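2 protein chains.
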Amino acid sequence: MTDTVSDRPVFIVSDSTGITAETFSHAVLSQFEEIAFQAVRLPFIDSMEKADAAARRIQQRADQGGPPPLVFSTLVDSEIADRIRQVPCIFLDLFGAFVQELEDILGVKSSRSVGRSHTNGLSKQYNRRIEAINFSLAHDDGQYIQGLEQADVILVGVSRCGKTPTSLYLAMQYAVRAANYPLIPEDFDRGALPATLLPFRRKLFGLSIQPERLAEVRNERRPNSTYASLKQCRQEIAEAERLMRMENIPWLSTTTRSIEEISTKILDEVGLDRTTY
Amino acid sequence: MTDTVSDRPVFIVSDSTGITAETFSHAVLSQFEEIAFQAVRLPFIDSMEKADAAARRIQQRADQGGPPPLVFSTLVDSEIADRIRQVPCIFLDLFGAFVQELEDILGVKSSRSVGRSHTNGLSKQYNRRIEAINFSLAHDDGQYIQGLEQADVILVGVSRCGKTPTSLYLAMQYAVRAANYPLIPEDFDRGALPATLLPFRRKLFGLSIQPERLAEVRNERRPNSTYASLKQCRQEIAEAERLMRMENIPWLSTTTRSIEEISTKILDEVGLDRTTY
Numbered sequence: 135m136t137d138t139v140s141d142r143p144v145f146i147v148s149d150s151t152g153i154t155a156e157t158f159s160h161a162v163l164s165q166f167e168e169i170a171f172q173a174v175r176l177p178f179i180d181s182m183e184k185a186d187a188a189a190r191r192i193q194q195r196a197d198q199g200g201p202p203p204l205v206f207s208t209l210v211d212s213e214i215a216d217r218i219r220q221v222p223c224i225f226l227d228l229f230g231a232f233v234q235e236l237e238d239i240l241g242v243k244s245s246r247s248v249g250r251s252h253t254n255g256l257s258k259q260y261n262r263r264i265e266a267i268n269f270s271l272a273h274d275d276g277q278y279i280q281g282l283e284q285a286d287v288i289l290v291g292v293s294r295c296g297k298t299p300t301s302l303y304l305a306m307q308y309a310v311r312a313a314n315y316p317l318i319p320e321d322f323d324r325g326a327l328p329a330t331l332l333p334f335r336r337k338l339f340g341l342s343i344q345p346e347r348l349a350e351v352r353n354e355r356r357p358n359s360t361y362a363s364l365k366q367c368r369q370e371i372a373e374a375e376r377l378m379r380m381e382n383i384p385w386l387s388t389t390t391r392s393i394e395e396i397s398t399k400i401l402d403e404v405g406l407d408r409t410t411y
Numbered sequence: 135m136t137d138t139v140s141d142r143p144v145f146i147v148s149d150s151t152g153i154t155a156e157t158f159s160h161a162v163l164s165q166f167e168e169i170a171f172q173a174v175r176l177p178f179i180d181s182m183e184k185a186d187a188a189a190r191r192i193q194q195r196a197d198q199g200g201p202p203p204l205v206f207s208t209l210v211d212s213e214i215a216d217r218i219r220q221v222p223c224i225f226l227d228l229f230g231a232f233v234q235e236l237e238d239i240l241g242v243k244s245s246r247s248v249g250r251s252h253t254n255g256l257s258k259q260y261n262r263r264i265e266a267i268n269f270s271l272a273h274d275d276g277q278y279i280q281g282l283e284q285a286d287v288i289l290v291g292v293s294r295c296g297k298t299p300t301s302l303y304l305a306m307q308y309a310v311r312a313a314n315y316p317l318i319p320e321d322f323d324r325g326a327l328p329a330t331l332l333p334f335r336r337k338l339f340g341l342s343i344q345p346e347r348l349a350e351v352r353n354e355r356r357p358n359s360t361y362a363s364l365k366q367c368r369q370e371i372a373e374a375e376r377l378m379r380m381e382n383i384p385w386l387s388t389t390t391r392s393i394e395e396i397s398t399k400i401l402d403e404v405g406l407d408r409t410t411y
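Chains as they are written, first to last, in the numbering used here: chain F, 135 to 411; chain R, 135 to 411.
Simulated from the structure, these hints should not be mistaken for lab results. From a predicted model like this one, the values you see are computed outputs, not experimental measurements. Be a bit skeptical, because a hint or two may be false.
No distinction is drawn between identical chains; accordingly, a pair holds when it is met within one copy or between any pair of copies.
Claimed, not checked - Heads up, simulated DMTMM-like pairs for lysine to aspartate or glutamate below, C-alpha to C-alpha not over 25 Å straight-line:
1) 337 with 375
2) 399 with 216
3) 365 with 350
4) 258 with 167
5) 365 with 403
6) 184 with 350
7) 399 with 197
8) 399 with 265
Starting from the given sequences, assemble the full structure and let the hints guide the process.
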């Protein structure tokens, strides 16, 4: 988080949360590996007063010298955008070109209304997300087995392989009711899935991980324990993968993948790839 | 989730997770309220073989008639993109124009490498996010008070006002260590904050909600209970807001706001608005 003069300044300006602008700018700037960027979020710029304050802040940074700040904007209101453009900066209008093009293609005018994508706190789709989060929290780590029949997917795998963050991400981002259930040494001794899961076999999706990485993660939690030993990790993972293959459960390794990548791969594989706007 | 012929077909095509493309397309298409869109995610299109399969799928949809599908693409590889462009569709290249422009501005070539923004499962920033998620889960609803001094922010408010999903979102999206702690009738009887929180007063951020909405939410959990009664909700909220004003705790209402909006407003107000790429 060092803010050196040599870091290229970036401002993310939005009339709403700025999440779209941030996601987009992050993806684009990731293509320029050798340059370090220092980004500042300026969300909720939805009045001329706030536009003035934002413009002053960008101006101050520009006055410190160096190359002009990059401004990634999802501002819809042209008067507000024009205020920002008065500052010496590289202004990138993320929506402009596409909204214009889509108006032509779709043959209707856009509403040009501010911040529509993340401010719908009372919509049906939004309530489905909140319910999914509550479901995933209640069904984390097999702690609650009632209602598993309502799960869209049940993640299985050894302790600390990434089930919990993945379940929460699936719920939060995609309104997917993702439960998760641990595979433990007792299951491997019996050589069978936990009995609780048998009725839901078709909903199971497995996560695995490299033993070395698992030992690292477990050591952070319980240093120098048998639980965290490489030997134990190797054995549990070998058994878990054997069980998943035997039971024909689709699975993937989380080792070098982010939660986003794991989650979207699961959706892709289980066929939850549709959404309605 | 009805998929009628009149819904305009949308395909989200990416060589990685497709999250950037989906966030962006959702934001842009939200500007066209009167049109219903049916979107299909086609992530991880990172080979010609997968490009062929994706192209076939889009072609099939186009063959069903109606207006041509919209394709939102963050494909970086031009050969893969060209394969998709052969299908009769409206192809929107989200990165193209901006990456080109930034190459000129920054004076360096982009890496044009695929899926860099969400696939960094072993980076330092990524580990910070996972740690933040674990922290927020462990410090959900005041269940664990050790380590509160490591929190970036501690959300306070009455039961079911939105603390848990907000904490998890802050952790997941922004690597913010967000704890949350309930304000309960006993606190209001004493007319003071829980003693546990006193050393961390400067980290507190309050959430409130309209009594009518709170009663709705609580009724889903415990129908017809005193806990869910409008009278009880009104009283708790009045007391909680009084306490937050008295203690000078910044707070906001969650009633009509999404988790994204609540979270970014909190970051904005507590000054956690910087990030390094």
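Going down the list of hints, with the structure as the test:
1. Taking the shortest Cα distances, residue 337 and residue 375 sit within 25 Å of each other inside one copy (17 Å), while across copies they are farther apart (44 Å).
2. In this homomeric assembly, residue 399 and residue 216 come within 25 Å of each other (Cα to Cα) only across copies, at 24 Å, whereas the closest approach inside a single copy is 41 Å.
3. In this homomeric assembly, residue 365 and residue 350 come within 25 Å of each other (Cα to Cα) only inside a single copy, at 12 Å, whereas the closest approach across copies is 51 Å.
4. With identical chains, the CA atoms of residue 258 and residue 167 are at most 25 Å apart between copies only, with a shortest distance of 16 Å across copies and 40 Å within one.
5. In this assembly of identical chains, residue 365 and residue 403 lie within 25 Å of each other by CA distance neither inside one copy nor across copies; the values are 31 Å within and 48 Å between.
6. Neither within a single protomer nor between protomers do residue 184 and residue 350 lie at most 25 Å apart by alpha-carbon distance, with minima of 46 Å and 35 Å respectively.
7. Proximity of residue 399 and residue 197 under a CA criterion of 25 Å is satisfied in neither setting, with 45 Å inside one chain copy and 27 Å between copies.
8. For a Cα distance limit of 25 Å, the shortest separation of residue 399 from residue 265 qualifies both inside one copy, at 22 Å, and across copies, at 22 Å.
Hint violations for this structure: numbers 5, 6 and 7, all remaining hints satisfied.
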